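*Asks:* In case you want the letters, here they are:
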Amino acid sequence: MKIEGQIRIPSGCAIAAVISKDGKRFSGEMITNAMKPMHDRSNGLGGGFASYGIYPDYQEFYALHLFFDERATRKNCEVFLKERFEIVKSEIIPTRKIPAITDEPIIWRYFVAPLKSMLASMQLDEKEFVAQTVMKINTEMKGAYVFSSGKNMGTFKAVGFPEDVSRFYQLEEYEGYSWTAHGRYPTNTPGWWGGAHPFTLLDYSIVHNGEISSYDANRRFIEMFGYKCSLQTDTEVVTYILDYLIRVQGLTLQEAASVIAAPFWSTIEGKTSAEERQKLLYLRTIFSSLLITGPFSIILGFEDGLMALNDRLKLRSMVIGEKDDKVFIASEEAAIRAMAPDAENIWAPAGGEAVIISIKDGAY
Amino acid sequence: MKSIKVTHMNHQTLNDQLRQVEGDCILEGCCGQRFIAAGMSERAITINGIPGNALGAYLNGAVITVNANAQDAVGDTMNEGKIIVHGNIGDAAGYAMRGGKIYIKGNAGYRAGIHMKAYKEKIPLMIIGGSAGSFLGEYQAGGIIIVLGLLTQNKRIVGNFPCTGMHGGKMFLRGECLDINFPRQVTAKLADDNDRDELKTYLDEYCLLFGYDLEEILNAPFTVVIPDSKNPYQQMYVAN
Numbered sequence: 001m002k003i004e005g006q007i008r009i010p011s012g013c014a015i016a017a018v019i020s021k022d023g024k025r026f027s028g029e030m031i032t033n034a035m036k037p038m039h040d041r042s043n044g045l046g047g048g049f050a051s052y053g054i055y056p057d058y059q060e061f062y063a064l065h066l067f068f069d070e071r072a073t074r075k076n077c078e079v080f081l082k083e084r085f086e087i088v089k090s091e092i093i094p095t096r097k098i099p100a101i102t103d104e105p106i107i108w109r110y111f112v113a114p115l116k117s118m119l120a121s122m123q124l125d126e127k128e129f130v131a132q133t134v135m136k137i138n139t140e141m142k143g144a145y146v147f148s149s150g151k152n153m154g155t156f157k158a159v160g161f162p163e164d165v166s167r168f169y170q171l172e173e174y175e176g177y178s179w180t181a182h183g184r185y186p187t188n189t190p191g192w193w194g195g196a197h198p199f200t201l202l203d204y205s206i207v208h209n210g211e212i213s214s215y216d217a218n219r220r221f222i223e224m225f226g227y228k229c230s231l232q233t234d235t236e237v238v239t240y241i242l243d244y245l246i247r248v249q250g251l252t253l254q255e256a257a258s259v260i261a262a263p264f265w266s267t268i269e270g271k272t273s274a275e276e277r278q279k280l281l282y283l284r285t286i287f288s289s290l291l292i293t294g295p296f297s298i299i300l301g302f303e304d305g306l307m308a309l310n311d312r313l314k315l316r317s318m319v320i321g322e323k324d325d326k327v328f329i330a331s332e333e334a335a336i337r338a339m340a341p342d343a344e345n346i347w348a349p350a351g352g353e354a355v356i357i358s359i360k361d362g363a364y
Numbered sequence: 001m002k003s004i005k006v007t008h009m010n011h012q013t014l015n016d017q018l019r020q021v022e023g024d025c026i027l028e029g030c031c032g033q034r035f036i037a038a039g040m041s042e043r044a045i046t047i048n049g050i051p052g053n054a055l056g057a058y059l060n061g062a063v064i065t066v067n068a069n070a071q072d073a074v075g076d077t078m079n080e081g082k083i084i085v086h087g088n089i090g091d092a093a094g095y096a097m098r099g100g101k102i103y104i105k106g107n108a109g110y111r112a113g114i115h116m117k118a119y120k121e122k123i124p125l126m127i128i129g130g131s132a133g134s135f136l137g138e139y140q141a142g143g144i145i146i147v148l149g150l151l152t153q154n155k156r157i158v159g160n161f162p163c164t165g166m167h168g169g170k171m172f173l174r175g176e177c178l179d180i181n182f183p184r185q186v187t188a189k190l191a192d193d194n195d196r197d198e199l200k201t202y203l204d205e206y207c208l209l210f211g212y213d214l215e216e217i218l219n220a221p222f223t224v225v226i227p228d229s230k231n232p233y234q235q236m237y238v239a240n
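Going down the list, the sequences are from chains U and A. The first sequence begins at 1 in this note's numbering and counts up by one. The second sequence begins at 1 in this note's numbering and counts up by one.
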C-alpha cells in the first residue's frame with residue numbers, strides 16, 4: 001500500500017473546534033456532534049481530535065501517544081524511552097471495537113518526565129529535548145510514531161469518519177476545556193493512521209482543511225532547524241513551522257500568522273501605520289520561506305487557547321460563533337449549530353485574519 | 001403548505017422527499033444538508049435552520065426563502081428562480097449563475113458573484129444588503145451585482161480586490177467608494193440619472209421583501225462599475 005509522500009493526496013476536509021474561555025471542562029460529545037453535519041466533507045480515510053485539559057492528574061508530565069506496528073517495536077521503543085525519560089505511567093489507550101474502525105495499530109500512551117541527567121548532558125531545555133525525541137522516534141524507529149507529545153493534552157486519530165473515531169477512542173469519557181476536530185478527504189490513495197489530523201508537537205496541534213502548495217519549500221526550510229517531516233502529509237509542516245516561530249523564535253501568535261499568511265505587498269503598502277507596515281515588511285522578508293501558499297483553513301490548538309487562520313485569498317471556509325463561555329470554530333455554520341443551536345455572533349474572518357481565543361488567566 | 005422535518009436527514013433523502021411533494025413546501029430543522037432544491041423549478045420552498053453548501057445549485061425557477069444564514073456556493077450555476085436569504089451568506093454566492101436572482105439581507109462572504117454571466121434575456125441579479133468580502137465579482141462576465149452596505153457605517157462596503165478579472169456585466173455600489181481600489185481594466189463612476197433609473201427597477205422587489213424604503217436607499221450616491229471592454233485581457237501575454 002502506498003502512503004502519502006509516495007503518492008500525493010489533495011484533501012477536502014472538515015475542521016471544527018470549541019473552547020471554554022472560563023477553562024471549564026466538558027466531554028468530547030459536543031465536538032463529535034459538530035462533525036456529523038459535515039460528514040460529506042470527509043470520505044472515511046481519516047478523522048481525529050485534539051483535547052486540552054484531559055489529563056489533570058498527570059499535568060506535570062508529557063503525555064506521549066504512540067502507534068506501533070507490532071509488539072517488538074513497542075518493546076524496543078520502550079527501551080529507548082527509558083533511556084531518556086522517567087516513565088510514571090504507561091498503558092494501552094482504551095478503545096472500543098466498532099465495525100467502522102479496523103486494522104488499528106497498537107496504541108499506547110506514556111506519561112513521562114525527561115531525565116535531568118539527559119537534559120544536562122545534552123544542554124537542552126525540556127521542550128526542545130521532547131521535540132527532538134519525537135523527531136528521532138518518528139524518523140529512525142520503523143513502525144513507531146509519536147502522534148501526541150504535549151502536557152495535559154492528547155491527540156486521538158484514526159482511519160475512519162471523525163464521529164466513528166470519537167466512538168473508537170471513547171472520547172465521551174474525556175473532559176477537556178478545548179477541543180479541535182478533523183475529518184479527512186484524501187482522494188488519490190488510501191489514508192493511513194499517521195496521516196490523519198491533528199498533527200501535533202508538544203502542546204501545539206493543527207487541524208487543516210486545504211492543500212499546501214508551498215509544502216516542499218516550507219519543508220526544506222524548516223528541516224534546517226532539526227524538524228523532520230516524516231509523516232509526509234502537507235499539514236505536518238504547518239505544526240513544525242508554528243512550533244519554530246512561536247516556541248523557538250519567540251514570535252507572538254499574531255506575528256506567526258503574519259508570517260505564514262503574510263499580507264500581499266499591496267496590502268502592506270496600504271497600511272496607514274508606519275510601524276505596522278515596517279513590522280509586516282520585516283516578517284515577510286525574514287521568514288519568506290515560511291509563507292504558506294495554497295488554500296488553507298487551520299485551527300492551532302495550544303495550552304491556553306486556539307488560533308483560527310485562513311489563507312490570505314480565503315480559498316477555504318471558516319465560521320466563528322459564541323455562546324456564554326464557549327467559542328466555536330468550524331468549516332460550516334451547521335457544525336456550530338450542531339454544538340450550540342442558539343450560538344450568537346456568527347461571523348467569518350477575512351483571509352489572513354488570525355482569530356486568537358485565549359482562556360482567562362489561570363482559569364484552566 | 002406541506003412541511004418536512006429534515007433534522008439529521010441526509011441530503012439525498014431530503015431532496016427525494018422534496019421532489020415527491022407537489023407544490024410549496026417548508027423544511028424544518030435543517031442543519032447543513034447540501035444541494036437543497038438543486039435544479040428544481042416552479043415552486044416555493046422555505047427553509048428553517050441552516051441549509052448546507054450549494055443551496056439551489058442549478059436552480060431552474062423555484063423560489064427559495066432562507067430564514068437564517070446560508071453557507072457557501074448558494075445558487076451555484078443557477079439558471080432561473082430566486083433565492084432570498086434573510087441572514088448572511090457564505091463564500092462564492094451565485095457562482096457562475098446565468099439567470100435568476102439572489103437577494104441577501106445581510107453580508108456576503110468572499111467571491112460573491114464569481115463568474116456570473118449573461119446571455120440575451122438571461123441577466124442574473126444579486127443584491128447584497130450589507131457588505132461584501134474580498135474578490136467581489138471576480139471574473140464577472142455578465143449580470144448585475146449590487147452592494148448596499150446598509151449594515152455598516154464608516155466602513156468599506158466591499159473587501160479587497162473587487163472586480164478582479166471582471167470583463168462583463170455591471171456592479172452598483174452604494175456610496176462614492178473613494179476608499180476602494182479597483183483594477184485597471186474597469187471604470188468606476190458615479191451613477192447618473194439613467195443608471196439610477198435602472199437601479200430602481202432592480203431594488204423595487206428587494207425593498208418589498210425586506211421592508212426597506214426604496215427612496216431612503218436611493219438617497220445616496222451610487223458608484224457604477226463596468227469593464228472597459230469586452231475583452232480586456234486580449235493582449236495580456238502577446239499582442240494578437
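Don't take each hint at face value.
Said to hold, decoys possible - Distance windows between CB atoms, simulated:
1. A:Lys-2 - U:Asp-103: 54 to 60 Å
2. A:Phe-210 - U:Ser-273: 35 to 41 Å
3. U:Ser-289 - A:Leu-178: 36 to 42 Å
4. U:Asp-22 - A:Asp-179: 38 to 44 Å
5. A:Ser-229 - U:Ser-273: 35 to 41 Å
6. U:Lys-24 - A:His-8: 52 to 58 Å
7. A:Lys-5 - U:Glu-126: 52 to 58 Å
8. U:Glu-344 - A:Glu-42: 16 to 22 Å
What the hints assert, rightly or not - Cut-off 25 Å, straight-line C-alpha distance, at most; resulting in silico cross-link-like pairs (DSS-like, lysine-lysine):
9. U:Lys-21 - U:Lys-271
10. U:Lys-36 - A:Lys-5
11. A:Lys-155 - U:Lys-271
12. U:Lys-279 - U:Lys-36
13. U:Lys-89 - U:Lys-75
14. U:Lys-21 - U:Lys-151
If you are wondering where the hints come from, they were derived from the structure by calculation, not from laboratory data. As the structure is a computational prediction, the values presented were derived from the model and not from experiment. From the three backbone atoms N, C-alpha and C, an ideal C-beta is built for every residue, glycine too.
*Asks:* If a hint holds in the structure, say so; if it does not, say that too.
*Replies:* Results of checking the hints against the structure:
no. : hint                              : in the structure
1   : A:Lys-2 - U:Asp-103: 54 to 60 Å   : violated, 46 Å
2   : A:Phe-210 - U:Ser-273: 35 to 41 Å : holds, 38 Å
3   : U:Ser-289 - A:Leu-178: 36 to 42 Å : holds, 38 Å
4   : U:Asp-22 - A:Asp-179: 38 to 44 Å  : holds, 39 Å
5   : A:Ser-229 - U:Ser-273: 35 to 41 Å : holds, 38 Å
6   : U:Lys-24 - A:His-8: 52 to 58 Å    : violated, 28 Å
7   : A:Lys-5 - U:Glu-126: 52 to 58 Å   : holds, 55 Å
8   : U:Glu-344 - A:Glu-42: 16 to 22 Å  : violated, 37 Å
9   : U:Lys-21 - U:Lys-271              : violated, 32 Å
10  : U:Lys-36 - A:Lys-5                : holds, 17 Å
11  : A:Lys-155 - U:Lys-271             : holds, 15 Å
12  : U:Lys-279 - U:Lys-36              : violated, 42 Å
13  : U:Lys-89 - U:Lys-75               : holds, 15 Å
14  : U:Lys-21 - U:Lys-151              : holds, 19 Å
Going through the hint list in order, the structure does not satisfy hints 1, 6, 8, 9 and 12.
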